[in-house]
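Trainee: Oh and the sequence shown: position 84 is 84 in UniProt numbering, straight run, nothing missing.
Derived by calculation from the structure, the hints in this document are not laboratory data.
Keep in mind that this is a model prediction, so the values were computed, not measured.
Ideal placement from N, C-alpha and C gives every residue a C-beta, glycine not left out.
Please note: incorrect hints may appear among the correct ones.
Quick list of in silico lysine to any residue cross-link-like pairs, SDA-like style, CA-CA up to 20 Å [unchecked claim]: (1) K375 to K532; (2) K532 to L473; (3) K375 to R483; (4) K458 to P517; (5) K375 to P297; (6) K308 to K63; (7) K308 to H327; (8) K63 to L36; (9) K401 to D445.
Cβ pair distances, simulated, as ranges [what the hints assert, rightly or not]: (10) V407 to Q62: 53 to 59 Å; (11) S206 to E24: 28 to 34 Å; (12) Q454 to M236: 44 to 50 Å; (13) E58 to H331: 37 to 43 Å; (14) M236 to W462: 43 to 49 Å.
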Amino acid sequence: MGVAISRYTELSANELLARFCSSEVICPNDPFWNQLLAFNITPPSSSEEQLMFDSSTEALLQKFLQNNLQTGNLGSLVQVFITRATELLAAPNSDNVMLAWQTFNALFVIRAVTKYLVEMVPEYEVCRHVDVQPERRTSLEDHETPPSTPEDLSSQQTHSPKLVSGESRVEMLVDALIGIIIDVPPTSNTYYLHLECINTLLVLMSVYMFAGVHGQSRLIETSLIFRTLFQGRYTMHGPLLVKTLLGNLCSMQPAPAHMFGTGGAHSGSVLIDIASGLWNMLTFSSPTQQSIYTHPPADRHELLDRLKSDHPVANQSCLLLLALSNHCMSHNLYRDALLCCEDSSETSTITPQKDTNGGGSQITPPRIDMAALHKALCATAGCEHSTLLLYVMLHSCKAYKRYVTNVPNIENLILPILQVLYNAPDSNSHHIYMSLIVLLILTEDDQLIRNVHQIMLKNLPWYTERTISEVSLGGVMVLVVVRALQYNMVRVRDKYLHTNCLAAIANMSCEFRNLHPYVAQRLISLFETLTKRRARLCSEIEGGDINSLELPHHAEEKNRRNYGPHKRARRGPPHAAGDHQLVPHPPAGQQPQPGVRAAAQTAAVPASPPPHHAKHRDGDRLLLDAVAAGAGRRWRRPGRHGGARLHQERG
């Protein structure tokens with residue numbers, strides 16, 4: 001089916017591509033497009049392959065950039081894609097392999113060219129390259145008399161470019177992409193078309209990344225691409241697109257082995273296909289592919305590679321969903337739809353929610369399978385983008401937070417987060433912070449921190465500091481957080497990571513039960529470390545003003561307001577853990593009430609806000625007060641991620 005392109009180096013010598021990039025004008029109805037789009041190529045699946053592809057097409061794309069504003073060939077190709085996409089959406093069977101194949105090929109060329117344009121020219125120039133088109137050809141038969149001079153003939157055959165009147169082709173392209181994503185399910189024949197639509201939207205949105213390079217300071221207000229995505233008629237598509245992208249992540253559908261029935265060493269061999277089918281019948285086996293559910297990866301690095309190779313639609317859907325929902329604008333319809341999702345298993349009637357930003361529109365909450373979403377997030381929590389989506393859902397989606405609160409096997413969610421924190425030296429700093437904040441949100445729930453000490457784990461392969469045959473999930477949480485805390489004190493010395501670790505331990509301290517001796521030993525070791533640190537600081541400031549001394553060990557602790565919480569940090573968790581195991585004496589004449597906990601008497605000292613450069617963690621220093629007043633209090637982060645104030649709740 002078509003010409004197979006086995007090596008990217010063959011692209012530079014392709015005659016059809018050279019004609020597309022030349023100064024020749026090619027109209028949308030030219031038979032040339034049927035020849036150009038009849039190829040088989042495997043898109044780049046790694047950064048190395050993408051670099052090889054870019055280097056092989058560099059010369060062609062440079063020539064294209066010089067000629068396209070005169071030829072409008074990119075606009076003609078976009079028109080061809082829109083025509084194919086319209087036919088695919090209107091077809092009674094959207095699983096038409098031939099139509100899906102041609103649509104994919106057209107979109108693949110569009111994405112490759114658009115990626116180059118986004119990197120080389122400003123956003124308005126990208127839109128101009130898409131919208132410009134040549135004037136309609138003028139044939140000699142339309143005139144009664146032929147031109148009398150060669151100059152007249154050449155003037156009629158010259159096709160000067162003009163812009164599309166009315167709706168921009170950029171809007172039509174985005175409309176077709178969203179339509180395919182929503183209305184065409186990712187089957188074996190349309191899987192890679194679905195993936196290409198998602199990737200093309202990501203490429204179009206990447207103009208924001210290069211705005212500074214091209215000197216665009218107000219791209220949010222002026223960008224045609226972002227206005228098309230976030231305004232106008234696409235308001236009604238927001239919940240549907242969010243539901244589709246979440247559905248792709250929930251299903252975790254593996255990629256087909258071959259694209260449109262091609263690929264592989266023996267593609268096209270009918271005899272081999274028949275023999276393979278007979279063998280499957282004789283052995284009662286099905287040609288099912290492996291997934292991260294059936295064959296979990298050994299570590300998080302393998303997990304990311306497996307996601308990109310085995311589940312690309314799920315992986316890219318998560319990235320596109322994050323890019324849409326976290327775009328910086330006052331009214332983000334995709335974020336509103338994401339945060340008001342409801343569980344499809346609940347029988348309650350979904351009522352439209354009013355626009356929280358003052359608009360008159362109403363949002364119909366998308367209904368998704370929370371169990372499937374939770375399973376997918378647990379399986380991919382070792383990846384940075386999945387952790388970010390997990391944080392957003394836990395923090396702001398009430399339905400998902402309610403589901404997590406009642407889920408029985410909470411260890412499936414907590415253990416991948418702990419594994420990221422355990423491997424902190426090898427992890428991205430943003431991933432560490434997100435994982436720790438997710439853990440902090442989970443420790444807000446009284447029932448959860450009580451249950452984690454009843455869940456027993458055996459032989460954790462990734463915990464290599466000491467062999468522990470059996471330990472509770474709560475014990476592992478303490479071990480990992482203490483390890484991250486000590487690693488931060490010795491090497492990183494980030495006070496915001498420090499306070500989040502202490503706050504997580506403080507939240508858990510009131511429910512410590514049946515701790516493993518090694519866990520208790522690590523807690524005492526932490527207590528000793530903080531005590532020695534305080535003693536060293538006291539000796540350094542003795543006889544001098546703490547506000548005027550330059551302390552060699554920790555310059556940021558020279559402020560007296562910083563010193564107070566660190567002084568109390570060494571006694572918060574032990575006091576909270578002890579106090580909550582005791583029942584206070586009742587007044588005279590009253591019987592003691594079972595289950596009543598003694599609250600810590602230490603008052604929380606207000607702390608000054610952190611500096612501006614500590615984005616996503618403003619107010620984190622207040623979390624350290626939870627160590628001093630940890631008994632009977634919960635510390636949580638309401639509002640949007642980054643810039644949220646911290647609230648305390650009395651137990």
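Trainee: Taking only the CA atoms, is the gap from K532 to L473 under or equal to 20 Å?
Mentor: Roughly 29 Å between the alpha carbons, so the hint for K532 and L473 is violated.
Trainee: What's the verdict on K308 and K63, does the C-alpha distance respect the 20 Å limit or exceed it?
Mentor: Distance of about 32 Å is beyond 20 Å: violated.
Trainee: Check the hint pairing K63 with L36 against an upper bound of 20 Å on the C-alpha distance.
Mentor: 18 Å, holds
Trainee: Between the alpha carbons of K401 and D445, is the straight-line distance 20 Å or under?
Mentor: Roughly 10 Å separates the two Cα atoms, so the pair holds.
Trainee: Would you mind confirming whether the straight-line C-alpha gap from K375 to R483 stays at or under 20 Å?
Mentor: 28 Å, violated
Trainee: Compare the distance between the alpha carbons of K375 and K532 with 20 Å, and conclude whether the hinted pair is satisfied.
Mentor: 44 Å, violated
Trainee: Is it true that M236 and W462 lie within 43 to 49 Å of each other by Cβ?
Mentor: Since M236 and W462 have Cβ atoms about 46 Å apart, the given range 43 to 49 Å holds.
Trainee: Between the alpha carbons of K308 and H327, is the straight-line distance 20 Å or under?
Mentor: Violated, because 24 Å separates the two Cα atoms, which is more than 20 Å.
Trainee: Does 53 to 59 Å hold as the CB distance between V407 and Q62, or does it fail?
Mentor: 54 Å, holds
Trainee: When you check the alpha-carbon spacing of K375 and P297, does it fall within 20 Å?
Mentor: 15 Å, holds
Trainee: Quick check on a hinted range of 37 to 43 Å for E58 and H331, using CB atoms only.
Mentor: For E58 and H331 the Cβ distance comes to about 40 Å; the hint holds.
Trainee: Does P517 lie within 20 Å of K458 when you go C-alpha to C-alpha?
Mentor: Given that 20 Å is the threshold and the Cα spacing comes to 15 Å, the pair holds.
Consistency with the previously given hints fails for numbers 1, 2, 3, 6 and 7, ordered from lowest to highest.
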